[in-house]
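J.: These protein sequence lines are chains A, B, C, D, E and F, in that order.
Count along the first sequence from 1, then add 12; that gives the number in my numbering.
Count along the second sequence from 1, then add 12; that gives the number in my numbering.
Count along the third sequence from 1, then add 12; that gives the number in my numbering.
Count along the fourth sequence from 1, then add 12; that gives the number in my numbering.
Count along the fifth sequence from 1, then add 12; that gives the number in my numbering.
Count along the sixth sequence from 1, then add 12; that gives the number in my numbering.
Take the hints with a grain of salt, since some may be wrong.
Since the list can't tell identical chains apart, any single copy or any two copies may satisfy a pair.
[To be verified] Distance condition first, Cα-Cα at most 30 angstroms in a straight line; then the derived DSS-like pairs of lysine-lysine:
#, residue 1, residue 2
1, Lys18, Lys109
2, Lys85, Lys18
3, Lys109, Lys53
4, Lys97, Lys139
5, Lys88, Lys53
6, Lys85, Lys53
7, Lys153, Lys109
8, Lys19, Lys139
Read the hints as simulated data drawn from the structure, not as lab findings.
Number of protein chains: 6
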Amino acid sequence: MNNALKKPRKIYVTRTVEFNAAHRLYNPDFSDDENRDIYGKCSNTHGHGHNYELEITVSGIVDQATGFLLDMKELKQILEQEIMKRFDHKHLNFDVKELRNAVPSTEMLAVTVWDILTVALQRYINKGITLHEVTIHETRKNSVRYLGE
Amino acid sequence: MNNALKKPRKIYVTRTVEFNAAHRLYNPDFSDDENRDIYGKCSNTHGHGHNYELEITVSGIVDQATGFLLDMKELKQILEQEIMKRFDHKHLNFDVKELRNAVPSTEMLAVTVWDILTVALQRYINKGITLHEVTIHETRKNSVRYLGE
Amino acid sequence: MNNALKKPRKIYVTRTVEFNAAHRLYNPDFSDDENRDIYGKCSNTHGHGHNYELEITVSGIVDQATGFLLDMKELKQILEQEIMKRFDHKHLNFDVKELRNAVPSTEMLAVTVWDILTVALQRYINKGITLHEVTIHETRKNSVRYLGE
Amino acid sequence: MNNALKKPRKIYVTRTVEFNAAHRLYNPDFSDDENRDIYGKCSNTHGHGHNYELEITVSGIVDQATGFLLDMKELKQILEQEIMKRFDHKHLNFDVKELRNAVPSTEMLAVTVWDILTVALQRYINKGITLHEVTIHETRKNSVRYLGE
Amino acid sequence: MNNALKKPRKIYVTRTVEFNAAHRLYNPDFSDDENRDIYGKCSNTHGHGHNYELEITVSGIVDQATGFLLDMKELKQILEQEIMKRFDHKHLNFDVKELRNAVPSTEMLAVTVWDILTVALQRYINKGITLHEVTIHETRKNSVRYLGE
Amino acid sequence: MNNALKKPRKIYVTRTVEFNAAHRLYNPDFSDDENRDIYGKCSNTHGHGHNYELEITVSGIVDQATGFLLDMKELKQILEQEIMKRFDHKHLNFDVKELRNAVPSTEMLAVTVWDILTVALQRYINKGITLHEVTIHETRKNSVRYLGE
Chain A
13 MNNALKKPRK
23 IYVTRTVEFN
33 AAHRLYNPDF
43 SDDENRDIYG
53 KCSNTHGHGH
63 NYELEITVSG
73 IVDQATGFLL
83 DMKELKQILE
93 QEIMKRFDHK
103 HLNFDVKELR
113 NAVPSTEMLA
123 VTVWDILTVA
133 LQRYINKGIT
143 LHEVTIHETR
153 KNSVRYLGE
Chain B
13 MNNALKKPRK
23 IYVTRTVEFN
33 AAHRLYNPDF
43 SDDENRDIYG
53 KCSNTHGHGH
63 NYELEITVSG
73 IVDQATGFLL
83 DMKELKQILE
93 QEIMKRFDHK
103 HLNFDVKELR
113 NAVPSTEMLA
123 VTVWDILTVA
133 LQRYINKGIT
143 LHEVTIHETR
153 KNSVRYLGE
Chain C
13 MNNALKKPRK
23 IYVTRTVEFN
33 AAHRLYNPDF
43 SDDENRDIYG
53 KCSNTHGHGH
63 NYELEITVSG
73 IVDQATGFLL
83 DMKELKQILE
93 QEIMKRFDHK
103 HLNFDVKELR
113 NAVPSTEMLA
123 VTVWDILTVA
133 LQRYINKGIT
143 LHEVTIHETR
153 KNSVRYLGE
Chain D
13 MNNALKKPRK
23 IYVTRTVEFN
33 AAHRLYNPDF
43 SDDENRDIYG
53 KCSNTHGHGH
63 NYELEITVSG
73 IVDQATGFLL
83 DMKELKQILE
93 QEIMKRFDHK
103 HLNFDVKELR
113 NAVPSTEMLA
123 VTVWDILTVA
133 LQRYINKGIT
143 LHEVTIHETR
153 KNSVRYLGE
Chain E
13 MNNALKKPRK
23 IYVTRTVEFN
33 AAHRLYNPDF
43 SDDENRDIYG
53 KCSNTHGHGH
63 NYELEITVSG
73 IVDQATGFLL
83 DMKELKQILE
93 QEIMKRFDHK
103 HLNFDVKELR
113 NAVPSTEMLA
123 VTVWDILTVA
133 LQRYINKGIT
143 LHEVTIHETR
153 KNSVRYLGE
Chain F
13 MNNALKKPRK
23 IYVTRTVEFN
33 AAHRLYNPDF
43 SDDENRDIYG
53 KCSNTHGHGH
63 NYELEITVSG
73 IVDQATGFLL
83 DMKELKQILE
93 QEIMKRFDHK
103 HLNFDVKELR
113 NAVPSTEMLA
123 VTVWDILTVA
133 LQRYINKGIT
143 LHEVTIHETR
153 KNSVRYLGE
């Protein structure tokens, strides 16, 4: 192999998944007027929905032997188990226990996904691989990014 | 003007709009088992949702003086009034009277949009402008097209 | 249900799948010079590759009870079995028996996919559901469409 | 070769090109008030601009020997010569003689591209290859299609 | 609410807007030859144009009560007032006073947008919300990013 | 010119290129079983392929006179010479000497592109312009980012 390639290199790998969910922006601690004022049409009683596109980025040093940061098959399984099963074809206000009593805004969703994946990815910490970024596109026009800060 | 441009020309004009809605695939005439069997995770009790992307195509002869098939500002108003107000940030099973008692699949949604717009575009019939096609992308992978047949 | 929705409606449903494959444009009946002249860099010895995006469109009358043209879970299984298993992560010149002795151009690929799916979808003929169109995007700039003509 | 592949097959091949141009919607035969009324902000004096995305579709019978409908290198040269040189980095109202005295709407542009390419592609007529469709996306939301009718 | 969600979290929220404008790359301090040499076809006399896609990113701590970083309705109004009204359907060389005497390259445009929005977003400073990034896509192939450095 | 625009501004300019290549994930130091276990279908004997989309980002201070970070015509030539000639329509395992004896994963490809461009862009160092980031999208779902760390 090219000797230069043997130097340790820090790489960011991003996997994109999409789930389809309903949500309603509504805070029971606010009056109905406050909810309408703050959330507008996003607080309609029965909710609305989105095709949420998530970009999950992990980072660490490339493994010289495999050429991989990590086994993508494993990452896909984790995202299937932790993200798709939890959020896909669900109503975020009713069906996701991690969001219970929270307003399921894209901001809160990004933070929640971060918290869930930080735990699920702990098995990689001894290899120096960590979660770097969670980006969620709610629509083509609105997205939110969280980096664990 | 270039004389060739004066010949009558049949043009198809497409306007794309996006709305965000929840839906649940569920037919009360079926048993719970049948619903689960036919609709799977799409029949979850509280529904899920999508960013629906609609492509509305109208066709007719270009107006030589304006260079337009029709006034796009008018078409935008019609789509705002008839489509966005009716479907955007709504739960299709509860909030849309045209879909009441129907299974709000993308197929039924496309047909419903066609029926609504056929009426709304009647003012253009004497100019020879008619609705040609309704395409709805439910996700990046699934879409449905209806041409009034 | 809205009575208008009970009229028979002809719908086109499109499912998109993507596979990643290598190919080499090369006809052994041509001389090396002819191959270079006709296929240019596309005839490089070891081949190159693409993310092929396929849009498979079927059409027929919507089922009033389910709201579906056909069971999308079934269509997904057919595409998994007939398209993904056959073409994904393959070298089209070596690994696909249907393309043996053919130049694996996007045109030939579209025709081949049509022929394969026409057979696989025969079970739907008695319901009046037929394959309508196969579109393959080889790159963002080049695509090919076949309608069985 | 698979014998089925030897049957004549009618294929549609689409090539996408993008050009960046300015235009102003304005008809000198109309009063200033009429222009403002019809074209709104699109009639601003100095013009505005777009990334125009063109999809050019030709159709005919696949050549069994090459696997191609036509030599894509040739089609690329024609589009470079006839479309890119004429329209790219130009102001459609000033720099394109085919549009002189016409309102450079997307409709008129599509018709003009059709007329230009019909002439440029005449060399293919004896092979049964003809221009099938010109689609122009002016923005992500507006597009126009012309099929020579 | 999940207690973990109560920790302060720094979030980046991105809103995307698109405007259609003409521009000409030309510096009157350069000779005609220098302009042609530096800007090539981008210096054509009457200008050309683009669909400019802007991604505006603001950052700060999520408001626990609303689940929002900031009221998106307000941000949309600011972008409508400060960006769309100023740049949409305009010729950047003639119609935008902030760009007068500047070469309206994408780089200068990004810096100008940053300067405008920094002022417009000052009302959020006491909430710790600041402009983080301005990205402008001029075409699908060229983009520019400015972070206020 | 607006005086504010005269301050030094650090800009990030991104150019996107796409190449079509085949590759096979396979390490001759591993047994056949290990290769299958680690790389799965990605280790199929004849390889498969992708439309690789590269985003190359350079950064530095905008030149006040030209409005540019650097001459995009030059950057395009460098990418044509160093990236497209080397990788486009190639089989990464056979045709690219920089990847010889390396596993041509997207991670290794990103690092290799970085090393090649760092050398090619040395002519800009005295102007303070440096390579900032290489991002490669292998598919719509998988991408890798390298920043020279």
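J.: Now look at each hint and say whether the structure bears it out.
T.: Now for the hints, and whether the structure bears them out:
no.	hint	in the structure
1	Lys18 to Lys109	between (45 angstroms within a copy, 16 angstroms between copies)
2	Lys85 to Lys18	within (24 angstroms within a copy, 33 angstroms between copies)
3	Lys109 to Lys53	both (24 angstroms within a copy, 18 angstroms between copies)
4	Lys97 to Lys139	within (27 angstroms within a copy, 34 angstroms between copies)
5	Lys88 to Lys53	between (35 angstroms within a copy, 15 angstroms between copies)
6	Lys85 to Lys53	between (40 angstroms within a copy, 11 angstroms between copies)
7	Lys153 to Lys109	both (28 angstroms within a copy, 27 angstroms between copies)
8	Lys19 to Lys139	both (16 angstroms within a copy, 28 angstroms between copies)
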